[in-house]
Each structure stands twice: as structure tokens, then as C-alpha cells.
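Trainee: For reference, the chains in residue letters:
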Amino acid sequence: MNADFTAEELEFQKEVQDFLKAEFPQDIKHKVDNGIKLEKDDFVRWQKILYKKGWVAPNWPEEYGGTGWSPTQKYIFALEMGLYGAMEPVAFGVKMVAPVIYSYGNEEQKKRFLPDILQSNVWWCQGYSEPNAGSDLASLKTTAVREGDHYIVNGTKTWNTLGQYADWIFCLVRTDNTVKKQEGISFLLIDMKTPGIKLSPIVLLDGEPEVNEVHFDNVKVPVENLVGEENKGWTYAKVLLTHERTNIAQVPNSKLKLQKLRKLAASTPDGFGGTLLDNPVFIKKLAEAEIQVQALEFAELRTLAAVSVGKAPGPESSILKIVGTEATQFIDELYMEVAAYHSLPHVPEQFTEGFDGEHVGNGSLAASANTYFNNRKKSIYGGSNEIQKNIISKAVLGL
Amino acid sequence: MDFSYSDEQQMLQDSVQKFVKGQYDFDTRKKLIESDRGFSEDYWNLFAELGWLTVPFNEEDGGFGGSAVDLMVVMEEFGKGMVVEPFLATAVLSGGLISELGNEAQKQALLGAIMEGKLQLATAYAEADSRYNLASVATTASKSADGYVLSGDKVVVFNGPAADKLLVVARTSGDKFDRDGISVFIVDADAAGVSARAYTAVDGHRAAELHLNDVKVPADALLGAEGKALPALERVVDRVTLAVSAEAVGALACLLQKTVEYAKTRKQFGVAIGTFQALQHRMADMFVECELARSIVIMAAMKLDSSATAADKTKAVAAAKSRVGRAMRLVGQEAVQIHGGIAVTDELDVGHYFKRVTTIEHLFGDTDYQTMRYAAL
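Sequence lines, in order, name chains A and B. Be aware that the first sequence starts at 1, since it is given in the working numbering, and climbs by one per residue. Be aware that the second sequence starts at 1, since it is given in the working numbering, and climbs by one per residue.
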């Protein structure tokens, strides 16, 4: 049993750290450190830097632009990125649609789409959930009817994250109504500029229009935008979901948040002349959060070790989704508790670039309530934690 | 043993309930929150007409009686509507301080105006470093020839933006954490040296950061004896804590009811999600928490109305806020989770109830603070 990094791995870790220090743009770092809202350009700019280094898509096969790293190297990379506060590439292109394209798309599609994803020339968004197809995704009703060399798409998708930035959307659509629901679904790529597509923003609890409903009204999609075979989309969708679940545990992010939290607690008065680190109830909870993240980290490392000897990540990855999101949400609660009264002001303008008015509250702690509210989505999306428990019950425990 | 309301209390409940059901739907509230004032002057006047603004006050002061149970009745119904009118800030907290500390002239000048709906007040007690300790006061009031001069910063002053007058907790003597030396002053909101940074809180209520820079007030701005205000402040904040706990009980009842209704109608996998036993048990847990929260708030309200010692009263309030705090977290989070994505949107009322109960959790001492306060008594 050995969880140490080898000399080569330590060298690699140093290389990643040096790269981040040298190349992660200072202005973006400033925004991340101070909780200032990131714009589309911040993501694109950073991803292009990662692309130049060849590090934008560690999980892709090398022939398409992957890094060829070992699972441990991938882990080190994700860890250092998270601890430095550097954003992961936006998932919809790199982590979601690309694996489907390189696994099931034809040569033409690979040439057409993968380089633009790698180079961040095209922003992708997701068309999976529908108002009546959430946890029961396979009951989706958006239809694609073949007419000559086009599909005509009609229906509504929801929980479409940052579609306002997107050039393309990947969609699950129903191409056959006469068979079992999972067997009539296809995977379609659609240019957002096609006539008949309309976005309606959905404002979330923190006041931000982060997601959209996407309406398709007789949208004409060329048949060459079908990925793989017609009616096999459900199989591809499930593959996509396993890729989405890599890094789902968010260990580096939670570690960074805990480090910051400990520092904040050390400088936050307890109201009685000490700091919050003198408060036994608070330090107990902080310790519990740290312990949870350590257990989670080793659960993730064990999964990685299994993958590195050739085993597929199994339904155990549901553990990472459940505990990862619970850990994040618990840490969010602690941030609010540290901020106390100053968790309550809703002053979003002070978290935009260039704000020069009176800042309410202590730095980014003043956004702690909104972060808490917004992150309640984490136990709901990506297969809700209830769905993950169903997976564990059935696929792991055989119940 | 009798837990039923008196006829008067029943009438009070009916009248608040009727208002919330008939005139305070979710869209109306949304418009009020987005308006300049942040609440409705018309409704405020209506509250006055219906006598609700007299509820926190005792009969000597011209009030309805001032019992904690009466207050609980009103607040629970307000909680169901997520009412944003500054009943707590103006009538219960500020009005309570004037009632406890004020001399006849001050009561004459202010209490009638509050009950008639003609005066808005805010109490500035919390500071950036104070957390929930009311005795932690760094704002100073130094004696001048004809009064006092106030300096310091106060945070998250609810109803600060609309207040005509501010009740400012300041230190006239002693060190930052001394129980002795704390005084309360009545300050005009537009007095020279007062500046306010107004904003909306996450729950839609208005608040402000308050800066006092050499604010001169006359000697008769002092409320009560100099340096002796803390016990009264603690008593009043305990009443307000009971009041928000009762408000939470109302909000939690709505969260439970809406979640159960949704679970009966929302279909996934061909059936209503309420047929899943995993969710049934969680809604049963929510129900249990709601009932315990209601029970302990009733206990605390009755204790406040009894002849129990001051320490027992405080202990009862700490117990109530602690237990209600636990219910707010569990019921709030579960309501959102069982609704799924729709509850993290601004469109559905569930998310707004969640935000309000989360706010209440962090007012006047969070759950851990109240639990430890209980343990120390």
C-alpha cells in the first residue's frame, strides 16, 4: 500500500505549480480570490493558455489532443489547479460533448468539432433536462423528425447553463416514439444560430441568470449533425455522464475553501474578545468538514488507483458525487456561520469588476449566503443525490 | 392544561390570516420588494388601522396587551406570507426598547406614533466585531456640554433605509465587552454626521450599514439611565428572537405543505415522486421538525408571559431559537432538494421561504450560539 507520489510525479507537481504561477492571468486570479464575477472572456482566455501548453483536455485520448498523463498526473493537475484557484475548462465542450464525439462520432465530425473545442473557439452548452424530464431523463419529449436531409426539432430544454454564451448545443432528442423510452433517443449537435431557437433566462436564488430554458420551434438540423446511430443516444448520454462525474468530488476546491475558511475564522472575532478558533463548537464543525474531505480524497484516490490498473470507474463514483456535493454544501454553511450578520446583505454589484463603492461585509464572505443558496443545486444536478443512492442500492448492493 | 387561543387571539389570527391569504400573494410581495421603499405604506397603514401595531405593547402604553403569545400569533401568520413590512424592526424591537427604557415624555412622543403607523424606526445594535454578543459595543457616546456625541459603525440595521429615527446602542463608559456602560440614544436619521449605506438583504428585507461620525444629540435623546441599558436590550432582543422563531414556524409550515403537495403531483418514472418511500420518510422527518419547532415556540412564549425568573425566560428563548434553527436548516434544505431544480430558481416561492428562514437562522444568534447560551445559563 502506497499513496506517495514518485520522484517523477513530484517533479510534475512542481511543473504544474510553476506553470500556474507564471501563466494564470493575474487579473483573473484577482477576480477568483475576491469572488468577483467571471466573464466569458476570462474563461476563454485561460483555456487558450491551457491549450497552448497542451493541457486543456487531460482526459482525452492523445490522438485528439489529450495529455497522455497517468491517472495520478491527472489528479495532481486537478489538485494544483483547484488549490491555486484556477478554473477548470468549461465542462460542456471539453468534458461532455467531446468524449461523445471522439467515441461515437464519424471522422468528419471529429475533424469539424474537436479542434475548436480544444482551442476554445466554440462554446458548447447542454440540452438534456426538460421541464418534465429531470431525474427521469429518459422520458424526454423534445422530438426530431427526419425530413429529407434534415431533422426538424421541436420542444423545450431546461437547466441549460450559460447558453447565453454558447455557439452550439448538444441535445438528446426523441427520434422514435414507438419503442421503450431509452431506445428512441438520439444525440444531436445544433448550431445555436439556427432559426427557431429561443432562450429564456432563468434567474436563480442568488439573482443571477445562470441557466436558461431553450425553446426549439421547427428547428432544421442537418442529418450530418447526428452523432453515432439514430436511437442510440441514451447509450452515449450515459457515457457522457460518467465523464461528467470525473472530478465531481471537487476535492481540490473544497480543500482550498477549507484553507481559506480556517484563515478567516482565525481573524473573525467571536464577540467575546477571542476569534472563532476559540469557539469549541465552531472548531468541531470545521474539523468535521476537514475530516470529511480527507475521507473523500482517499475514496477518490482509490477510484483513481483502480482506473490506473485498467478497471472502469464503477458505480462507486456515485460516492464521490454524493459526498463531494455534501462536503461543498457543508463548507458553504460554515462560511455563512463565520460571516454571521454580514452573510445577509445582497450586494451583487460589489462583486463585479470595477466596483468602487462602499464594500459591505468582509470581502468575499459577504457573498456567503448567495453561494450557499446557489450551491444547493449541486445535490440536484448531474443525477440527483437520490438517483446516486438508487445506483448504489441497485448496482453495488444488489438490492 | 389548555393550548387553545382566547377569543381575542383567535380573532387576531383570523384577521392576519385573511390579509395574508387575500392581499399578500407571492407576486404582490415580489413587487413590494422591488419597489423603491421595499414595502407597502398602504399595508403599513392598514396594519395600524387593524390594530396590529399595538400588539407588542402593554395596556399602560396604550397597546393590545403585549403578551408574547399574541406576538407569536401575528408572527406565525406573517411568516406564511413572508411579510416584509418592518413590523419587527419598528414595533417589536425599537418600540420594545422605548417601552422598556423610555420616560413618559419619550413614550408620549413616540409610542402613539408607532401604533398609528406614522413613525418608522430601526435599532442599530450589531457591529462588525460583535457577532451576537449584545454587550460587545465599540460605538462611543461621549458627554458634551448639552448632550452626547456619537461615533462608530453599525452593521445590518434592518429597516435602516426607511427609518425616521434610529435607536443607536453606544458605549458611554467602560471597555468593549463590559455589561455596564451601554446606553441607547434616539437619533434622527437625517442628523448631521449620520450616513447610511442602504441595500436589500438576501431575503428581500431592507437594511443598511450605518456610519456615525461625531453625531451630536441632545441630553434628552438618551433612552433610560445612562450606561444601564443592556438588561432591557437583552429582554427586548429575546422577545424579538421569540417573534422571528414564531415567524419561522409559519414559514416552515408552508415549506412542508408545498413540498408534500408537489410530491403528490410531480411525476417522474411514471409515478408521483411522493410514492417513493425514501422521500416519504424525509417528508415525515420534516413534519416532525415542524411540530417540535411549533411546540418549543409555544413553550417559550408561555414562559415569557409567566412570572418565571429572567434567567428562565432567557433560557426558554435560547432553547426555542436553537431548536427552530435546526428545523429551519433541515426543512429548508429538504424542501429545496425534494422540489429539485425548480426550487433553486427565483420563480418559485419555495426558494424565497428558504432564503427567509436561512436569514432568520442568522439573526440574533445562530443555532450554535443559542445552544451554547442555553448551556451557559
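Keep in mind the hints are simulated off the structure, nothing from the lab. Glycine residues also receive a C-beta, built at the ideal position from the N, C-alpha and C atoms. One should not assume that every hint holds.
Partial chain B-side listing against chain A, Cβ under 7 Å, derived [said to hold, decoys possible]: (1) Y43; (2) R131; (3) L134; (4) A196; (5) H362.
Trainee: With chain A as the partner, please determine if Y43 of chain B meets the hint condition of a C-beta pair closer than 7 Å.
Mentor: Constraint on Y43 of chain B not satisfied, violated at 22 Å.
Trainee: Tell me if the interface restraint on A196 of chain B is satisfied: Cβ within less than 7 Å of some Cβ in chain A.
Mentor: violated (10 Å)
Trainee: So, as I understand it, the hint says L134 of chain B touches chain A; can you test that by seeing if any CB pair is closer than 7 Å?
Mentor: violated (9 Å)
Trainee: Closer than 7 Å between Cβ atoms is the bar; does R131 of chain B clear it against chain A? Give me holds or violated.
Mentor: The hint holds - R131 of chain B has a Cβ within 7 Å of chain A, the shortest such distance being about 3 Å.
Trainee: Less than 7 Å between beta-carbons is the criterion; does H362 of chain B satisfy it with respect to chain A?
Mentor: Status holds, d = 6 Å.
Violation of the numbered hints given earlier is confined to hints 1, 3 and 4; the remaining hints are satisfied by the structure.
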